[in-house]
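Undergrad: Next come the chains, spelled out residue by residue.
2 protein chains.
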Amino acid sequence: MSATKKARTHPQYELLYWPGMPGRGEFIRLAFEAAGVSYTDVSNEQENGRDIISALVFSNSKGDSDSNPPVFAPPALRIPGAGKNGKPLLLYQTPAILNYLGASLGLAGDDEAEKAWVLSHTLTALDMNNEAHDTHHPVATGKYYEDQKDESLKKAEDFRQNRIPKFLGFFERVLQGNEKEGQGKHLVGAKLSYADTTLWHVLSGLQFAFPKELEVRKKEFPALFETFYPSVQEHKGLKEYLASDRRMPFSMGIFRHYPELDRQ
Amino acid sequence: MSATKKARTHPQYELLYWPGMPGRGEFIRLAFEAAGVSYTDVSNEQENGRDIISALVFSNSKGDSDSNPPVFAPPALRIPGAGKNGKPLLLYQTPAILNYLGASLGLAGDDEAEKAWVLSHTLTALDMNNEAHDTHHPVATGKYYEDQKDESLKKAEDFRQNRIPKFLGFFERVLQGNEKEGQGKHLVGAKLSYADTTLWHVLSGLQFAFPKELEVRKKEFPALFETFYPSVQEHKGLKEYLASDRRMPFSMGIFRHYPELDRQ
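Just so you know, the sequences run in chain order S and C.
Numbered by the UniProt record's numbering, the letters in the first sequence go through residues 1 to 264 in order.
Numbered by the UniProt record's numbering, the letters in the second sequence go through residues 1 to 264 in order.
Since the hints were derived computationally from the structure, they do not count as laboratory data.
One or more of the hints may lead you astray.
Which copy? The list can't say, so a pair holds if one copy fits it or any two copies do.
Stated by the list, open to error - Mimicking DSS-like on lysine-lysine, the simulated pairs with C-alpha atoms at most 27 angstroms apart in a straight line are:
hint : residue 1 : residue 2
1    : Lys62     : Lys219
2    : Lys154    : Lys143
3    : Lys180    : Lys239
4    : Lys166    : Lys149
5    : Lys62     : Lys218
6    : Lys212    : Lys166
7    : Lys62     : Lys166
8    : Lys218    : Lys143
9    : Lys191    : Lys180
10   : Lys180    : Lys84
11   : Lys154    : Lys212
12   : Lys180    : Lys87
13   : Lys87     : Lys62
14   : Lys218    : Lys180
15   : Lys84     : Lys191
16   : Lys62     : Lys180
17   : Lys62     : Lys191
18   : Lys218    : Lys154
19   : Lys191    : Lys87
Okay, chain S solo, but in the shape it has when bound (with noise of 0.2 angstroms):
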């Protein structure tokens, strides 16, 4: 699963997120990819994938060896030489992974107002991401989805109801806003960002998990659909890796497929 391209002049990045799932880990892979850099994804190629990233997480930690504080949750990314007196940084919060690589991965704008607005629109993809979570866990994340069913029949009503047009809605506008220089396929200036990356992978759990309710808001945006999300999952490098092994299928993860949860 090793996505050794392109070395250039990176350091060996290390994705730290759970094993056998896209989850918040894609967006970030997403980034490397995109950008054609290589990186580790360290849960993925070991044995003991999972204990490493329980480690990270579970172990009550007041931050490691290297001057890092501790991890809340994964994603966590490792970069060599780039924290304090020249050891390993240890960052996490997936859009402060995202804004810390961006610009050395050429995703982040061309200038200042583009590198803001990227870090907006994803944080706004991101906020979709979690609502779309929360519709099969809208009462307690450490419960079973069976033990809060009835709440997320209602929480999977309103958010098709109301939060996907919203959103969708929202980044249609962004996107004929910024027709001249994106032409329909980036919401930010001419060129690819991770907020392009990270809002097509949500559109792409959302038509695993809601597939009905897909298949009938598409036609209302056609920005989105006809021209944004085919033409990003067109880029080189995001080609390549949706056609390798690396890019794992959804399944229990963030996006989940309960068809009593879909448009009926």
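With chain S fixed as given, assemble chain C onto it according to the hints.
TA: Positioned in the frame of chain S, the structure of chain C alone reads:
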């Protein structure tokens, strides 16, 4: 309500948020106040404040005449001269605004590693903020609390029993791990950051919304509640702000005091 303090060389920042409540705008206000940097709190300084924010987020616009994209939700920040072709820059999403402002307000740590950690911890504090909101709106953001009270009782129980100790335990460990530099007063490095002000406000809100729960929990997290919390509010800029009428009380926003959702 204007915070006209030291002028320095900062642009005249304009905060755009719903009037009359702290809300997510408060995280931006606290950063300016801590830094002693002037800003205009647009909606609180005009009669038609609510209309201004409604027009910003409900207009279905594709962006403004200054080449800024549309805003998904407030807070937003307008920065004269910082956008395309010297026009005003308009940003949205609380963490993106804080990340943009952090360095120029002197609230983003001392180097790139600290800058990244400040954003990471801020995102985690804002996750706790969002989960606190969801205790009274677990099913549908657009419906009344009274219409989702049964679900709220379950969500709040999980939040109190599992999520509050998980979040507070994490930040307690961050403070302990940074004890040498931060002396329990700062999450990152040796000086105040926007992660500190953000966490401080969330802790303040939790004590308003869940007073009984927090009264018990406080004892478990002495670094947070005996050192960090009182120390941050003694910071010069914040102390002045908290004593001023610019600090708006909690009421029916993100943090709400429903006694039935608190520890019984």
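Undergrad: Check the structure against each numbered hint from earlier and tell me which ones fail, lowest number first.
TA: none
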